[in-house]
Amino acid sequence: MSAGITELNRILDENFSKVAACIEKASRAANIHEATDAQNLTGQALKSLNQELSHWHSRNFQVMGQVHLKIHNNFPDSNSSDEAKQWFAILNRISVFEGEVRGAQDQLEQLFDPADPGFSSATGRIKSELLGLQRGPLQGLVIQE
Amino acid sequence: MRKLICIFSLLATSTFALADAADELNQILDENVPKVSASIDKASRATGIQDLTDSQNLTAQALETLKTQVFTWLAKRSNQEPAPRTIAAMNYWEVFLAEVRGAQDKLEYLFDSSDPALSAANERIRHALNSAFFL
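As they're listed, the protein sequences go chains A and B.
Reading the first sequence from the start, the letters are residues 9 to 153 in this note's numbering.
Reading the second sequence from the start, the letters are residues 40 to 174 in this note's numbering.
Think of the hints as simulated: they come from the structure by calculation, not from any bench.
Every value quoted in this text rests on a predicted model; they were computed, and no experiment measured them.
Do not take every clue at face value.
Stated by the list, open to error - Covered stretches of chain B (chain A as the covering partner; in silico rule of three or more C-beta atoms under 8 Å from a C-beta of chain A):
hint : stretch
1    : 71-85
2    : 124-132
3    : 149-159
Note that CB positions come from ideal geometry on N, CA and C, so glycine has one too.
My request is simple: use the sequences and hints to build the entire structure.
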C-alpha cells in the first residue's frame, strides 16, 4: 500500500472515531443544551475531517494523478490494480460513514426538538459538512469506467 | 428512628438498583457496539462479493447477539422507572441502531445485487434492525 493511501486510511480512522464519540455524547445528552453542544462538536469534527482530506488531496494529487477504476458487477474488475481496489474501498468507506452519520442525525432529531434554534443550527452545519464529505476532493481522483 | 433508617435503606437500595440498570446496559453496549461497527467497517472496505457477504453475516450475527442481550436486560427491568442515566443509555442504543440502518442503506445502494447469499445476509440485518427499534 502506498504511503499516501496509508496516511489517508489513518486520517479516516482517527476522524471517524472522533465523530462517533461526539454522536454518542449527543445521544446520551440529558437535555437540548447538552445535545446542542455535542452536535456542535460533531460539526467541528466533520469540518476537521473535510479539511484534512482537502490538505491530503492538495499534497498528493500532483504525485499520484487520477486512478482509473473499471467496475464489473458492483466490484473492481478482476484485472484492476491493487491501488484501484484500495481507492474503491476508501471511497466506499467514506460513503458508508456518511450514511451512518446521516442515520444518527435522523434519530437525534426524533429524540430532541429539531425546531430549537441552537439544535437546528448545529444539525444544519453537520448536514452541510456531510454534503462536503460526499462531494469531497477525493471523488475527483477516481475515474470509474 | 428505626422507620427513618428503613426508608433511607429502601431509597438507597432503589437508587443502587437503578444505577445497576444503567451500568448493565452500558456494559452490554460497550462490549457489543464495537463488534457491529467493526464488521460494518469491514463490509464498507469489501472489494469482492464474498468479502462483502461474509462481513454482512458477521454484522447480522453481532447485531442479533446485541439485540438479544438488550432485550433480556429490558425484560428484567420492565417494572422499574428508568433513571436518567438509563434513559441516556437507551437513547444511545436507538441512535446506534439508526447509524447501522444508515450504513445498511448505503451498503445496499453501493452494492445493489440479487446474489442470494448477500440478499439473505442483508435480510438478516434488516430483520434485526426492524425488531430492535421502539423499545
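Verification of the supplied hints:
no.	hint	in the structure
1	71-85	holds (count 7)
2	124-132	holds (count 4)
3	149-159	holds (count 4)
No hint from the list above goes unmet by this structure.
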